[in-house]
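Sequences listed follow chains A and B, in order.
Residue numbering for the first sequence follows our numbering, starting at 7 and increasing by one per position.
Residue numbering for the second sequence follows our numbering, starting at 11 and increasing by one per position.
Treat each hint with caution, since some may be false.
Said to hold, decoys possible - Restraint ranges, calculated between C-beta atoms of paired labels, are given here:
| # | chain 1 | residue 1 | chain 2 | residue 2 | range |
| --- | --- | --- | --- | --- | --- |
| 1 | B | Pro208 | A | Ser135 | 49 to 55 Å |
| 2 | A | Val65 | B | Lys113 | 33 to 39 Å |
| 3 | B | Gln273 | A | Ser135 | 45 to 51 Å |
| 4 | B | Glu151 | A | Val221 | 39 to 45 Å |
| 5 | A | Gly34 | B | Lys220 | 43 to 49 Å |
| 6 | B | Gly41 | A | Val221 | 40 to 46 Å |
| 7 | B | Gly146 | A | Val65 | 37 to 43 Å |
| 8 | A | Val65 | B | Gln274 | 45 to 51 Å |
| 9 | A | Val221 | B | Pro208 | 51 to 57 Å |
| 10 | B | Gly41 | A | Ser135 | 27 to 33 Å |
| 11 | B | Lys113 | A | Gly124 | 20 to 26 Å |
| 12 | A | Gly124 | B | Arg271 | 45 to 51 Å |
| 13 | B | Gly164 | A | Gly27 | 41 to 47 Å |
As the list claims (entries may be wrong) - Lysine-lysine pairs mimicking DSS-like chemistry, simulated, CA-CA at most 27 Å apart:
| # | chain 1 | residue 1 | chain 2 | residue 2 |
| --- | --- | --- | --- | --- |
| 14 | B | Lys117 | A | Lys165 |
| 15 | B | Lys168 | B | Lys113 |
| 16 | A | Lys123 | B | Lys150 |
| 17 | A | Lys224 | B | Lys35 |
| 18 | B | Lys220 | B | Lys117 |
| 19 | A | Lys224 | B | Lys168 |
| 20 | B | Lys113 | A | Lys123 |
| 21 | B | Lys195 | B | Lys269 |
| 22 | A | Lys224 | B | Lys280 |
| 23 | B | Lys195 | A | Lys224 |
| 24 | B | Lys168 | B | Lys150 |
| 25 | B | Lys117 | B | Lys35 |
Hints listed in this document are in silico derivations from the structure and should not be mistaken for laboratory results.
Ideal Cβ placement from N, Cα and C applies to all residues, glycine included.
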Amino acid sequence: MLDWRWDFTWEILPRLIVATGNTLLAAGLGYAIAVVLGLVLAIAQRTPSQALTFVVREVVEFIRSTPLVLQIFFVFYVGPQFGLRLSPWTAGMIAIGLHYAAYLSEVFRGGLDSVPKGQWEAATSLNLSTARTYFRVIIPQALPPSLAGMGNYLVGIFKDTPMLSVIGVAELMHTANAIGSETYRFLEPITLVGVIFLAISLPAAAGIRVFERWVRRKLGLSP
Amino acid sequence: MTNKNPAGFPLTLQGDSAPMVRFAKVTKRYGQLVVLDALDLDVAEGEMVTIIGPSGSGKTTVLRMLMTLETINDGVIYVDGQPLTHMPDGGGLVPANGRHLRKMRSKIGMCFQHFNLFPHMTALENCMEGPVHVLGLTKKEARERSEDLLEMVGMADKRNQHPSRLSGGQQQRVAIARALAMRPKVMLFDEVTSALDPEVIGEVTNVIRKLVAEHNLTMLMVTHQMGFARDISDRICFFYGGRIEEQGTPAELFGNPRKERTQQFLRAVKEAV
Chain A
7 MLDWRWDFTW EILPRLIVAT GNTLLAAGLG YAIAVVLGLV LAIAQRTPSQ
57 ALTFVVREVV EFIRSTPLVL QIFFVFYVGP QFGLRLSPWT AGMIAIGLHY
107 AAYLSEVFRG GLDSVPKGQW EAATSLNLST ARTYFRVIIP QALPPSLAGM
157 GNYLVGIFKD TPMLSVIGVA ELMHTANAIG SETYRFLEPI TLVGVIFLAI
207 SLPAAAGIRV FERWVRRKLG LSP
Chain B
11 MTNKNPAGFP LTLQGDSAPM VRFAKVTKRY GQLVVLDALD LDVAEGEMVT
61 IIGPSGSGKT TVLRMLMTLE TINDGVIYVD GQPLTHMPDG GGLVPANGRH
111 LRKMRSKIGM CFQHFNLFPH MTALENCMEG PVHVLGLTKK EARERSEDLL
161 EMVGMADKRN QHPSRLSGGQ QQRVAIARAL AMRPKVMLFD EVTSALDPEV
211 IGEVTNVIRK LVAEHNLTML MVTHQMGFAR DISDRICFFY GGRIEEQGTP
261 AELFGNPRKE RTQQFLRAVK EAV
């Protein structure tokens, strides 16, 4: 029968809270990599070079069509055979960052496509450089329609960080598992992990919606 | 792609009689469709030329090619004595590279049918963007220049509004100020009143009237406002099937059109009003 022990729960909670910090760090770092790289992948598909567009498209499709956990394994365990010896953290950030960059690039691609052609033409008529046009004219307008998708993947990357436990990143899942192995009690640590994830994901999703409205107002896109 | 190595075209246009804009045998094709067929058109400095014609006659394409929004397939376009679509290289002309295009584009400004203001910037920010980041003006200089121009188009009191808060006529006036802030030598107006409600067309045409009266800008305009075109143009070009079917002063073209297609078109326009 269910044998929940509160004293044990309180005892392991501090360790799990510390591990929550690592989970948030992993999600944050991974997401930062994914956003920057995703934008690069999206813009790389808009250059006049068809060869570049083709290569980037194939890379994105490849990453999206293989499991994240496989990619994490690959970077960490196969990397050394190519002389790429990485710490679990570095390998994990590369793998998860790259994985979500592929997904985010699709979100950004849709966002960039949604900016009317007339905006590019106006930028050309004012002789703005390509970089200036992207950063000052196009991306600010591509952002609001991308925010919903970006928010989904932010919650997604957060929920996928437990996969980093397979290569020994000391995030929540890894810590809960370690507690279980040490004490032979899995009920409390694993349940707590679920509660912690829920306690962060739900407000985050709501926060993203508020942020989305705020950005639209801030950019003057909605009166 | 721009035609390579056009032969028989001068590297530059020199002399006092050189036009501000010259289309020399310019052809534009979309696949099989010939939009412009060996167009020859000169616009003198300070001249106001209006292009009229049925839709699909290539009139908007003329402006878009001049703004470098479209490449050309044959011929050469010159602006201010220099080739625009091409640049001199090894004694001949080769397609212009990005640097040459940027240099030449600074001479040209354009206003669009749908205004194309940057929606996330205020009216003032729209006007200041180019002067600060392309011309290298200080913020203070750009602000003064932009505020003067917004004043001129009657939009000074709305300078801190975003485009979503402005009417079509107001947005178009800001767009005119934004283009003028770059101090172009040639201004292009592409159906700037076509997307406007009838009651606000006047506020935009009045700004253009003022420009014609007070500035020595070279202007090319595509419009369906025949009365307006007649009032302010030095010359009217009637386009048909990618060619200039007939051209002349407004009095000649509207008062005494010689070609049958011109007569037909003007009759149809009159009936529509």
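So, going through the hints one by one against the coordinates:
| no. | hint | verdict |
| --- | --- | --- |
| 1 | B:Pro208 x A:Ser135: 49 to 55 Å | 39 Å, violated |
| 2 | A:Val65 x B:Lys113: 33 to 39 Å | 37 Å, holds |
| 3 | B:Gln273 x A:Ser135: 45 to 51 Å | 48 Å, holds |
| 4 | B:Glu151 x A:Val221: 39 to 45 Å | 31 Å, violated |
| 5 | A:Gly34 x B:Lys220: 43 to 49 Å | 55 Å, violated |
| 6 | B:Gly41 x A:Val221: 40 to 46 Å | 41 Å, holds |
| 7 | B:Gly146 x A:Val65: 37 to 43 Å | 39 Å, holds |
| 8 | A:Val65 x B:Gln274: 45 to 51 Å | 57 Å, violated |
| 9 | A:Val221 x B:Pro208: 51 to 57 Å | 36 Å, violated |
| 10 | B:Gly41 x A:Ser135: 27 to 33 Å | 31 Å, holds |
| 11 | B:Lys113 x A:Gly124: 20 to 26 Å | 24 Å, holds |
| 12 | A:Gly124 x B:Arg271: 45 to 51 Å | 31 Å, violated |
| 13 | B:Gly164 x A:Gly27: 41 to 47 Å | 58 Å, violated |
| 14 | B:Lys117 x A:Lys165 | 54 Å, violated |
| 15 | B:Lys168 x B:Lys113 | 32 Å, violated |
| 16 | A:Lys123 x B:Lys150 | 31 Å, violated |
| 17 | A:Lys224 x B:Lys35 | 49 Å, violated |
| 18 | B:Lys220 x B:Lys117 | 20 Å, holds |
| 19 | A:Lys224 x B:Lys168 | 18 Å, holds |
| 20 | B:Lys113 x A:Lys123 | 23 Å, holds |
| 21 | B:Lys195 x B:Lys269 | 33 Å, violated |
| 22 | A:Lys224 x B:Lys280 | 47 Å, violated |
| 23 | B:Lys195 x A:Lys224 | 36 Å, violated |
| 24 | B:Lys168 x B:Lys150 | 19 Å, holds |
| 25 | B:Lys117 x B:Lys35 | 22 Å, holds |
Consistency note: the structure conflicts with the earlier hints numbered 1, 4, 5, 8, 9, 12, 13, 14, 15, 16, 17, 21, 22, 23.
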